[in-house]
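Undergrad: Chains as they are written, first to last, in the working numbering: chain A, 1 to 288; chain R, 1 to 291.
Calculated from the structure, these hints are not laboratory results. Here the structure is a predicted model, which means the values were calculated and not measured. Quick reminder that beta carbons are idealized off the backbone N, C-alpha and C, glycines included. Treat the hints with caution; some may be incorrect.
Derived, one-sided and incomplete: chain R residues facing chain A with beta-carbon distance under 10 angstroms [what the hints assert, rightly or not]:
1) 32
2) 83
3) 84
4) 88
5) 90
6) 91
7) 261
8) 277
Restraint ranges, calculated between C-beta atoms of paired labels, are given here [unchecked claim]:
9) 143/R / 119/A: 35 to 41 angstroms
10) 238/A / 210/R: 29 to 35 angstroms
11) 271/A / 122/R: 58 to 64 angstroms
12) 232/A / 150/R: 47 to 53 angstroms
13) 272/A / 176/R: 44 to 50 angstroms
14) 240/A / 122/R: 33 to 39 angstroms
The residues making up each chain are set out below.
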Amino acid sequence: MSAYTAGLLAEIGIGGIAALGVYVILATGQLSLGNAAFMAIGAYAAGWLTVTHDVGLTAAVLAGALLSGIVGVLVGFPALRLRGIYLAMATLGFGEMTRSFFLFFEPLGGAAGFSGMRQLQVSTIWIWLGIVLGVLVLLARSRLWLTLRAVNDDEVAANLIGLHATALKVGAFGMGAAISGISGALFAHWHLFIEPGNFGFERSTELVMAVILGGSTVAAGPVLGAGLLVLLPETLRFVADWRLAAFGALLILVLLVRRQGLLDRNLLRALTFRRRGAEARPEAAEVS
Amino acid sequence: MLLQQVVNGLTLGAVYTLVALGFSLVMGILGVLNLAIAELFMIGGYVGLTLVLADYPLPVAVLAAAGVAAVLGVVVEKVAYQPLRRAPPIAPLLSTLGCSVILQTVAVNIWGSDPLQLPPDLLDMRFDLGQASIGLAQVVIIAVAVLLVAILALLVQRSSVGQALRAIAENRDVARLLGVNAGRLTSAAFAISGALAGIAGVLIGLHYAAITPYVGVETGLKAIAVMVIGGTTSIWGVLLAGPLVGLVEVFSVVHGGAAFRDFAVYGLMILVLLLRPQGLLGGRAAGAQRV
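Chain R on its own, in the form it takes in the complex (with noise of 0.2 angstroms):
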């Protein structure tokens, strides 16, 4: 029982670690959060689930997911950001707010408020793990987050992109003065966090084998408080933080019921942001002075 709960939390973590990865790479390259990336997820999972559902193979489903989502990401960079960058943060935050009610919004009219649902029978087979099992779709939403963070973890250590993503984080004037093409790389940093939040909507389907308009609120949303726990000077805090909060959720709802585990993951965050600002892995304490 207790290693089953183990797996179905790390299951949802992994999902929040890949949203959060994408709140985090905007938040700590330019200091906006981009709150229009619960709602890529969200449609990146009416995407992935509707050509699952026509019969194309998962692959195909989760690729053009990531693809839609980072379009919609750069549309909203250049919308929603890119004219406001020199305004207070607090102004492209709204701004983003206004693109994802608009995605929401979308999302309703194209699939409707009933959820879309997967066949039960896609993806049920389960492995034995003696007193746990696993189900396929665990498995491969799992696998799916462990190679994105292996492929984000070399694109930002190895390559140039990464290592221009990097020094603009560390200081964007000093960057550019060296050479680096702030504008694209914004792009860039918008796109991959799109893509991300995208391959996570799919995955979402998956463990859920539906998914509604207002998933982007109710689970999107927690990977900000990922975020928040795991440090926003760091992306990389949250691999620690997104497998706690999925723990977390899965336990609480055991222990408390399942309207808890909302009341349980956001009383970490906060808990989190007033003891800790600078997030559990966080290194310099300038977390909440990053405005």
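The shape of chain A in the complex, shown without the other chains (with noise of 0.2 angstroms):
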């Protein structure tokens, strides 16, 4: 493998594990616009927990996974007094306050940024990536799941059938920031170099393009959508300069036509040659 292919192939996965956990929050009708912060909490503390207490690679990710999903319950539970717009104007301010603080926080090599890890194969993100996917794909069969898209289409009615909507959200928040710790803890150590930089709103932004525009019903969606954010770019070199640009178009177009994103359960369903039955029922409005 080249090692621009595996470039590629590591982009791809970094960014489908961080936009998995934008995915899962999304799934409870929340919409994180900060979702980098908790990429920066596993890169920073996997990458200081490798390269000043030699700690192993795995043992690394878990403890910035567990890290980042800790703060990202300690964020959800004061963002459950805030719905929609709020929240999410909460989560951009939560995200670019992160920034700032690996700016200023010395210890980690503030602006001038943090290194010193040793690079870990391509192979081994996509492991990860594969253990995240079928964790929710097998999330995605339960009745939690059931009850997480109830809290989502429709929260008073959710709690009045004794759903707890509260746990179901914060849970929610705390697994997706856990999930974007893993990713951030992968990027650390395949890009070898992190500065606060790398994940600020713009960042934020291209983790929930990507999963508006692959899909935000289905776990396989946000990493289609991820997908394309790397390969589209390199396929239509004559767009290279216009990319950002042509995901912005895109995501409008996707909003308007096709509100649940490229992939959803019917589309999949065709692609993997499963049926059952007649049940293509539409899927609701996804984004809500």
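Two chains, two frames, a set of hints: combine them into the complex.
TA: This is the structure in structure tokens:
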């Protein structure tokens, strides 16, 4: 495998995992414009553990995910008072605060960045992607996921039938944060150099774009979206300078004509030749 | 020294106030967060500074920036808001995010990613204020901001357009029943907020004597913090929050270093969201419930 191919595959894997973090949070109807911050927490925590404490990679990634998940729960709790746009604004603020924190937090390099990690294999990134995707696919078949969707569809009704909407929302926030943390930890050990600028508003935006483009109702959607975000500009070299504009336009187009994103359950079924009767019911509007 | 920081903070605060008024106008009337406003701010700055560098007088540059940003604001409305106005409010938020990404890419491709700089001798006159001094650029910035706020206040409180806008903010359906043309006024709100952001972009260009394609994300988004701190139920809260955030930013740089300022500003925003979601001046406690 050439270094070029490896680079692309690594970007897709890292982006895909991070986008899955946004996907889990969005599944409860909460839009996070600050998931890059959870990547940053995972990246710095795991990098610090492997560089200064000689911790193994797997343990460091798990620790990064754990820390990020804890912060996610801490953020998720107060965020319960906020809905919709207000929550989006709060996560945006949290994202910028976190980036700014790593900018002045000198023990982890501050503005000069942090380095010293040893590089991991691309296959490691994809194994992690497989694990996260597998867990989410299993989860999608569980009763827990149904309750998450119920909270998304109608929180009041979900509460009325005895679901604990609060716990579900905070849990989803923590889980999404932990998943993005895994991505950040892998990012740190692939690029070997991290700086706060890696995890700014633009990164959070890209993650949201990957989810909305690829599909926000099935776990494979965000991974497809992340793949498109990496591969399309490579195949369309002539639009390389305009790559982000093209995605902005695609994002608007998808919102207008196919709000559940490119990939949904019906398409996935058609692609995998699994037909289960005629339950081709349309997905509800997913961006809520 | 202290007085000097106050002057600098108020200058920055004047710029924030204008952009935040833009955010607040659309948010208060339509309940939509138009993220593209941050990039209209950046585009306005480029248009204005390009004209200033081409030796056009400053008022022409300001008006041109306002015009371009207002037109783009209406384009954003037609493309990203109108088709989604019945969708949940996160959908137009995402589509305006798409617009901001496009606008930023356009700016990078037209003007490059290096900063566009003003010659240092432009507006470098300074007036002595005893212990502090104020630059001509700062005087211009604060004067333009005060003038615009006054015009906007007159427009919203006295004119028929303003009356209709307030009626829509109060209750869109009833306003339409009473014969208010909601579609045209929506366009007007997007145009006015775009124009405010565009002019603020020229002002920030004068303040830093430079503009970059990233000023929208770095500075424009902070106006969201200003809007939240001021309270989204009334657009006038930002008149307090704008200068306040400008001062917080300047003083946090002095006491905590340059890297600390975003932390302080967004931290203040989150505190307000948690402790007083209706904002410092918000009357109704319904701020967080208005989804």
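Undergrad: None of the hints should be skipped; say for each whether it holds.
TA: Hints, one by one, checked against the model:
no., hint, result
1, 32, "holds, 8 angstroms"
2, 83, "holds, 5 angstroms"
3, 84, "holds, 6 angstroms"
4, 88, "holds, 4 angstroms"
5, 90, "holds, 5 angstroms"
6, 91, "holds, 5 angstroms"
7, 261, "holds, 8 angstroms"
8, 277, "holds, 7 angstroms"
9, 143/R / 119/A: 35 to 41 angstroms, "violated, 56 angstroms"
10, 238/A / 210/R: 29 to 35 angstroms, "holds, 31 angstroms"
11, 271/A / 122/R: 58 to 64 angstroms, "holds, 60 angstroms"
12, 232/A / 150/R: 47 to 53 angstroms, "holds, 48 angstroms"
13, 272/A / 176/R: 44 to 50 angstroms, "holds, 48 angstroms"
14, 240/A / 122/R: 33 to 39 angstroms, "holds, 36 angstroms"
Checked against the numbered hints listed earlier, the structure breaks hint 9 alone; every other hint is satisfied.
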